Amino acid sequence: MHAPPHPGEFITGLYLEPNNISGRELAQKLGVAASTLSRILNGTSRVTPEMALRLAKSLGRSPESWLTMQDAHDLWVARQHVDLRNVRKLDLKAA
Numbered sequence: 027m028h029a030p031p032h033p034g035e036f037i038t039g040l041y042l043e044p045n046n047i048s049g050r051e052l053a054q055k056l057g058v059a060a061s062t063l064s065r066i067l068n069g070t071s072r073v074t075p076e077m078a079l080r081l082a083k084s085l086g087r088s089p090e091s092w093l094t095m096q097d098a099h100d101l102w103v104a105r106q107h108v109d110l111r112n113v114r115k116l117d118l119k120a121a
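FYI, my numbering numbers position 8 of the sequence shown as 34, with every residue one higher than the one before it.
Errors might be hidden in some of the hints.
[Unchecked claim] The calculated lysine to aspartate or glutamate pairs, modelled on EDC-like cross-linking and capped at a C-alpha distance of 20 Å, are:
1. 55 <-> 43
2. 55 <-> 76
3. 83 <-> 35
4. 83 <-> 51
5. 55 <-> 35
Hints listed in this document are in silico derivations from the structure and should not be mistaken for laboratory results.
Nothing here was measured: the structure is a model prediction, and the numbers come from that model.
Could you build all of it, start to finish, from the sequences and the hints given here?
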C-alpha cells in the first residue's frame with residue numbers, strides 16, 4: 027500500500043519547488059516563524075487547524091483538505107506501527 031504524502035511533502039512538491047519559492051518566503055506569507063514551517067515541510071510536525079486556516083488562505087484548498095491530508099498520513103503511519111492483536115471488540119447492546 028502506498029503511503030499518503032505528509033502535507034509538507036505536498037506543499038514542497040506542488041507549490042514551492044515548481045514556483046521557485048522558499049520555505050522562508052512562504053512562512054512570511056503565512057505569518058509564522060520559518061522554523062515552524064520548516065518542521066512541517068520536513069514532516070516532523072503536523073498541520074494544525076490554525077495552520078490549515080493559514081495554508082488555505084495563502085495556497086488555496088480548504089482548511090478541511092489540509093487536515094484530511096494530515097489525518098490520512100497519520101493514520102497510515104499508525105497502521106504501520108500499532109499492534110492491534112490484543113484489542114478485542116466490545117459487545118454492545120443496541121440502543
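Okay, the hints, checked on the actual structure:
1. Between residue 55 and residue 43 the CA atoms are separated by roughly 16 Å; this keeps the pair inside 20 Å, and the hint holds.
2. Distance check on the hinted pair: residue 55 and residue 76 sit about 14 Å apart at the alpha-carbon level, within 20 Å; holds.
3. Restraint check: the Cα-Cα separation between residue 83 and residue 35 comes to about 19 Å, which is no more than 20 Å; the hinted pair holds.
4. For a cut-off of 20 Å, the pair hint linking residue 83 to residue 51 stands: about 15 Å separates their Cα positions.
5. Of the supplied pair hints, the one linking residue 55 and residue 35 holds, its CA atoms being roughly 18 Å apart against a limit of 20 Å.
No hint from the list above goes unmet by this structure.
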